[in-house]
Amino acid sequence: MIKRLFSPGIEHKKARWGWVFIFPSLVFFALFNFYPIFNALHTSLFRKKLLSLKPPKFIGFDNYIYLFNSPDFWNSIRATVVFTIGTFIPMVIFSLILANFIISRKRFQKFFQMAYYSPAVLSSVVVAAIWLLIFDPRGLSNQFVNLILNMPGIDHKWLANSVMVQISTMLVYFWKYVGYFTIIFLVGLASIPKSIHEAAKIDGVNAWTGFWYITLPLLKPTTILVSIMSMLQCLKTFSTQYLFTQGGAPMEPINVITLNLYHTAIRDHRIGLASAMSIILFCIMLFFTWLQFKGSRSDEVSY
Amino acid sequence: MAQYLKRKKKTSTQSFIMDMFIWVFLIIAALFILAPFVFMFTASSMPATDIMKMPYRWMPQGFYWQNYWQGIRGNDGSFIYLRNILNSLIVASTVTATTVILSALTGFGLAKYHFKGRHFVFMMILATMMIPFEVIMIPLYLIITKLGFQNSYQGLITPFLVNAFVIFLMRQYYVTFPDEILDAARIDGASEPMIFSKIMLPNSVPAIATLAVLTFKSQWDNLLWPLLVAQSEEMKTIPLYIVRFTAEKHTDEGAMMAVAAIASIPILILFLKLSKYFIGGATVFSARKG
Numbered sequence: 001m002i003k004r005l006f007s008p009g010i011e012h013k014k015a016r017w018g019w020v021f022i023f024p025s026l027v028f029f030a031l032f033n034f035y036p037i038f039n040a041l042h043t044s045l046f047r048k049k050l051l052s053l054k055p056p057k058f059i060g061f062d063n064y065i066y067l068f069n070s071p072d073f074w075n076s077i078r079a080t081v082v083f084t085i086g087t088f089i090p091m092v093i094f095s096l097i098l099a100n101f102i103i104s105r106k107r108f109q110k111f112f113q114m115a116y117y118s119p120a121v122l123s124s125v126v127v128a129a130i131w132l133l134i135f136d137p138r139g140l141s142n143q144f145v146n147l148i149l150n151m152p153g154i155d156h157k158w159l160a161n162s163v164m165v166q167i168s169t170m171l172v173y174f175w176k177y178v179g180y181f182t183i184i185f186l187v188g189l190a191s192i193p194k195s196i197h198e199a200a201k202i203d204g205v206n207a208w209t210g211f212w213y214i215t216l217p218l219l220k221p222t223t224i225l226v227s228i229m230s231m232l233q234c235l236k237t238f239s240t241q242y243l244f245t246q247g248g249a250p251m252e253p254i255n256v257i258t259l260n261l262y263h264t265a266i267r268d269h270r271i272g273l274a275s276a277m278s279i280i281l282f283c284i285m286l287f288f289t290w291l292q293f294k295g296s297r298s299d300e301v302s303y
Numbered sequence: 001m002a003q004y005l006k007r008k009k010k011t012s013t014q015s016f017i018m019d020m021f022i023w024v025f026l027i028i029a030a031l032f033i034l035a036p037f038v039f040m041f042t043a044s045s046m047p048a049t050d051i052m053k054m055p056y057r058w059m060p061q062g063f064y065w066q067n068y069w070q071g072i073r074g075n076d077g078s079f080i081y082l083r084n085i086l087n088s089l090i091v092a093s094t095v096t097a098t099t100v101i102l103s104a105l106t107g108f109g110l111a112k113y114h115f116k117g118r119h120f121v122f123m124m125i126l127a128t129m130m131i132p133f134e135v136i137m138i139p140l141y142l143i144i145t146k147l148g149f150q151n152s153y154q155g156l157i158t159p160f161l162v163n164a165f166v167i168f169l170m171r172q173y174y175v176t177f178p179d180e181i182l183d184a185a186r187i188d189g190a191s192e193p194m195i196f197s198k199i200m201l202p203n204s205v206p207a208i209a210t211l212a213v214l215t216f217k218s219q220w221d222n223l224l225w226p227l228l229v230a231q232s233e234e235m236k237t238i239p240l241y242i243v244r245f246t247a248e249k250h251t252d253e254g255a256m257m258a259v260a261a262i263a264s265i266p267i268l269i270l271f272l273k274l275s276k277y278f279i280g281g282a283t284v285f286s287a288r289k290g
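Chains A and B, in that order, give the protein sequences. When we follow the working numbering, the leftmost residue of the first sequence carries the number 1, and every step to the right adds one. When we follow the working numbering, the leftmost residue of the second sequence carries the number 1, and every step to the right adds one.
Bound conformation, chain A alone:
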């Protein structure tokens, strides 16, 4: 009925408005997303120096070959992989536990949500600055660990030892984001109908079996989502490592890809090489994004 009130001319005019509305965004996407990604791909095939007046020289895949033969770049890959695995696995496990514990409470749910989420609100530089002081030899971390282990006066070298400094960066990231992922798990948990748990309770299923055989399988899509999201975030980590090295921590153990990328481009002015590095990072992340899409497609759960 309403449709008939409009002539095809008006429909056509209406459609034109659609283009008008999306046009500004499209221009920006073309300039600041599509052009840069192709530009990065293009630049990665050249020897190009920032500030240099010499025209960039085409060198094919030499930048990539250089990177794959460079111990420094392999160290960055190692640092990134170690950091990602060491951070996202505990993060997923603990946020899952915390979400399940919170939802089992009748009171203070809101308080715990707010408290756990609060570090995610702080800017990552502030977070790194706070933990830089906590990891000081005379700081809280040594006092706390020594109190628990009952061995006063030992310095665990949180920022000086090459293994400890990696653990420290993981701890900072874990602290900042565990609450964030707890919230996402809580949404997933809330979408599981209560009747399923009630039915299980009537059948005499205890809490542990219920969690293991009912909650966990139903929560699989959320778990995949959280895993990939946290993994992608860990792969991009920069601020903590940057501030820690600025604050005097050794560079080599925590020289993650983004940090290396930044130094190669800005300190060493090697734009071509840095572009090759960013393309490799892009491929790694694309792989995990693809994995997420694949995972979320095949694991639709119906209640």
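Calculated from the structure, these hints are not laboratory results. The beta carbon of each residue, even a glycine, is placed where N, CA and C say it ideally should be. Errors might be hidden in some of the hints.
[Unchecked claim] From the structure, some residues in chain A lie toward chain B, with a derived Cβ separation under 10 Å:
id : residue
1  : Ala15
2  : Val20
3  : Ser25
4  : Ala115
5  : Tyr117
6  : Ala128
7  : Leu186
8  : Leu232
9  : Ile266
10 : Ile279
11 : Leu281
12 : Trp290
On the provided structure of chain A, position chain B as indicated by the hints.
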């Protein structure tokens, strides 16, 4: 019967222990999460010599305001931190306003107009969601340098004017909006821009608020991009000031925490006032699962 009662009693003590365990776990986790906050605020009000005393005194004796003075004044007495705070506010609010308005407009266009090539455009926008900023930052830096936007607000703001993720969410929000209302407005003579500003915008305030908070927070937190484009002290943002202050003045822990506290107070107030939108912002990601 007696046996049954006994068993029931056993399970209830078991569940009581479990219950206590969960409370203790949650409280310890909360202490672990909140302790660094308390540390930041207490340390910011103590002289540096007290902060590194073992064991740490959680209750400061009096308020050592010199830390805040030192943090704001800076090591060279230039008070550049105030300018940097202003920069952060300008950049974060401008990006938030433009991102939200442009994304709402684009989301509306994609959701409610059946023009040719609509699906293609939508897919292209979704594809940009997969391009991480870290990957394109060097070409962006070259573009901004070429445009002469280094050390300027334009340089800090321009790359973030649109956001594919925000567009995607706005589109999903608008798709469910009933067409009949729009058609009724058209019959009453409303133009298409008027439909957007008078009907769509007011009707999407919760979604817009959530996405605005999300955008503001991520800009407030941004370190990498300002690090590239803002070299002059006047154009630096809060994270850059903290980096410089930490690197230069590593030994003045009290002032360092004062600087951190000043940077955190606005966003923490926002969080306490608008916690609904912050937490909503975290959960929009899970909206993607079917």
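Hints, verified against the model:
At about 4 Å, the closest approach between the beta carbon of Ala15 of chain A and any beta carbon in chain B falls short of 10 Å, and the interface hint on this residue holds. Using the Cβ-Cβ criterion of 10 Å, the hint placing Val20 of chain A at the interface with chain B is satisfied: the shortest such distance is roughly 8 Å. The beta carbon of Ser25 of chain A comes within 4 Å of a beta carbon in chain B, closer than 10 Å, and the hint placing it at the interface holds. A distance limit of 10 Å between C-beta atoms decides the matter here; for Ala115 of chain A the minimum to chain B is near 5 Å, and the interface restraint holds.
At a threshold of 10 Å, the smallest CB-CB gap from Tyr117 of chain A to chain B is about 6 Å, leaving the interface hint in force. A cut of 10 Å between beta carbons decides the hint on Ala128 of chain A: the least distance to chain B is about 8 Å, and the hint holds. Checking Leu186 of chain A against chain B by beta carbon gives a least distance of about 8 Å; that is within 10 Å, so the hint holds. Hint status for Leu232 of chain A: holds, given a least beta-carbon distance of 8 Å to chain B, under 10 Å.
Taking 10 Å as the C-beta contact cut-off toward chain B, the hint placing Ile266 of chain A at the interface holds, the least distance being around 7 Å. A least Cβ separation of about 7 Å between Ile279 of chain A and chain B falls short of the 10 Å threshold, and the interface hint therefore holds. The interface hint given for Leu281 of chain A is met, as the beta carbon of that residue sits about 6 Å from the closest beta carbon of chain B, less than 10 Å. Contact between Trp290 of chain A and chain B, as hinted, is supported at the beta carbon level, the nearest pair being about 9 Å apart and thus within 10 Å.
Checked against the numbered hints above, the structure breaks none of them.
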